[in-house]
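The listed protein sequences correspond, in order, to chains W and P. For the first sequence, the numbering used here begins at -6 and goes up steadily by one. For the second sequence, the numbering used here begins at 7 and goes up steadily by one.
Calculated from the structure, these hints are not laboratory results. Take the hints with a grain of salt, since some may be wrong.
Not everything, but these chain P residues come out facing chain W in the computed CB check (under 8 Å) [what the hints assert, rightly or not]: (1) P19; (2) Y66; (3) W71; (4) V74; (5) W115; (6) T273; (7) L275.
Think of the CB as a built atom: it goes at the ideal place given N, C-alpha and C, for glycine as much as any other residue.
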Amino acid sequence: MKRILEANIGLVFFFLYVPILAVVVFSFNSGEQISVWEGFTFSWYAKLFEDAALWRACRNSLIVAGVATAVSTFIGTTAALAIERYRFRFRTALTRCLYLPVIIPDIVLAIALLTFYVQTPIPLGLASVIIAHCVFNVAYVTIVVRARLQGYDNTLEEAARDLGANEWQTFWRITFPLIAPGIIGGALLAFTLSIDDFVVTFFTAGVGYTTLSVHIYSQLKFGITPKLNAISTMLLANSIVFILLFLWFQGGATNSQSRDA
Amino acid sequence: MRHNYQRLVLLFPIVFWLVCFFLLPLVSVFIYSFLERGTYGGVRWIFTLENYARLFDGLYLGILWRSVSTALICTAVCLLLGYPFAYYLARYRPKHRNILLLLVVVPFWTNFLIRTYAWILILRTEGLLNSFLSALFPNWGPLELLNTPLAVQIGLVYGYLPFMILPLYAALEQLDMSLLEAAQDLGASPRRAFWHVTVPLSLPGILAGSMLVFIPTVGAFLTPDLLGGGKVSYIGNVIERQFKTARDWPFGSALSFMLMGIVLVGTVLYFRTLQQDET
């Protein structure tokens, strides 16, 4: 029995990592074929630096993800505070509604926004993509920040107020530092989701507003070159940095909680 | 009074965003699904039920069935691979456990397009799998795997396996081991204890994982598009085509509404089962 379980662990990791490793290995392949090994080279990475379209796409992705993260972190944090602090009439309706953008398939969200945009003065460009990304990001940020607020000690705020701090001071000196790991975790998650998103961007971006994901997609559809392996490897390295950051902040959070206990 | 004011300030951004950029777009796609298609794309503002009638066409029912059955198979395979994995992980030494868990999370944070592309590298005719097989068996002709339903199925399992493992792990890790010991003390065989204690107690994890896999796979667009090569249609691809090439927005909207319906019914059933499980 134990053997079978161990074999399954090996199988799952093999399945999860062989494709990723293949991409990394072949990004150093000197041949013109994407999956036939010929020799070692860094030239595909050098070529990335000359690719103006790629850098434009990168810049667009960073603008979209940066703005969408900032906006959705603000909205998500205020929403989480309102939901956890107050009882109000539409509270259950609001929390259910917040799960919907996570639950419905992204292609449905994408075309709903598309049919909405064409009836409004909002042009299909970067702004339309940012607004769209905020819709699903807000839901994720709220979930992460709420989780942080649930393990939260209210007496600290009461103590601050008893000692004469006003609401504003209490928030910035007590509440905010305590929930900051949740907020940062939510923001990192939002940023990653935003950078990785393809479907929603594909439908809501105007012509000429290519993001990194859309750029990669068009390469996949209309001619795969070995350069794609190099782009993928760079993105992989990026996501690993982000996970480590996320875990570092979350880990810091659980450590300080266990110290409190 | 003061509290009322604070509450309003905190609630305004989220309510504004959800109403304007989520509920209104849903209303908009709902209205579109009852309109007539315009001659050059666009729509004519004439009410019709034609788009919904077309959904019952044998062609689209077939596509719908393919999407649903593919998503169900994907969920089953993920459960079959993920359950023993999570079970083993939950009993692993805590220190190494986190590293293994991290290794499951890494692909989850990686760009989905790239993870799908990796399978093109492996499955294409000149790909890694065929080179490997031809090195082992020189007489074996290359397998044509890319652009088949099997490739789509593999890509979907690959894409969503972490979504199954994580909730299963969360459920199995909290499992009270003393209950298992009690079952064994009372004479249950390990197998019986597993099916009568472990599985029922991890049911919330099984349900959550199945939801997280089923929902995105039933409406998947990218995986069938890239690994299926557009040769086999799934509902996500049909919707995309209505908006990008066929320019039949009203029919695409009706299809989306049906897809959303399937997903919402699934979600409601999930919460029902969960509640019954608790009571």
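Hinted contact Y66 of chain P with chain W - closest CB pair below 8 Å: At about 16 Å, which exceeds the 8 Å cut-off, the nearest Cβ of chain W leaves the hint on Y66 of chain P violated.
Closest C-beta approach of L275 of chain P to chain W relative to 8 Å, hint status: violated, 13 Å
Hint check: 8 Å Cβ-Cβ cutoff, T273 of chain P to chain W: holds, 6 Å
Satisfaction of the W71 of chain P interface hint, Cβ to chain W closer than 8 Å: violated, 17 Å
When the least beta-carbon distance from V74 of chain P to chain W is tested against 8 Å, hint result: violated, 13 Å
Interface hint compliance - P19 of chain P to chain W, C-beta minimum distance less than 8 Å: This hint holds: P19 of chain P lies near chain W, its Cβ roughly 4 Å from the closest one there, short of 8 Å.
Cut-off 8 Å, beta-carbon criterion: hint that W115 of chain P touches chain W: holds, 5 Å
Comparing the model with each numbered hint stated earlier shows that hints 2, 3, 4, 7 do not hold.
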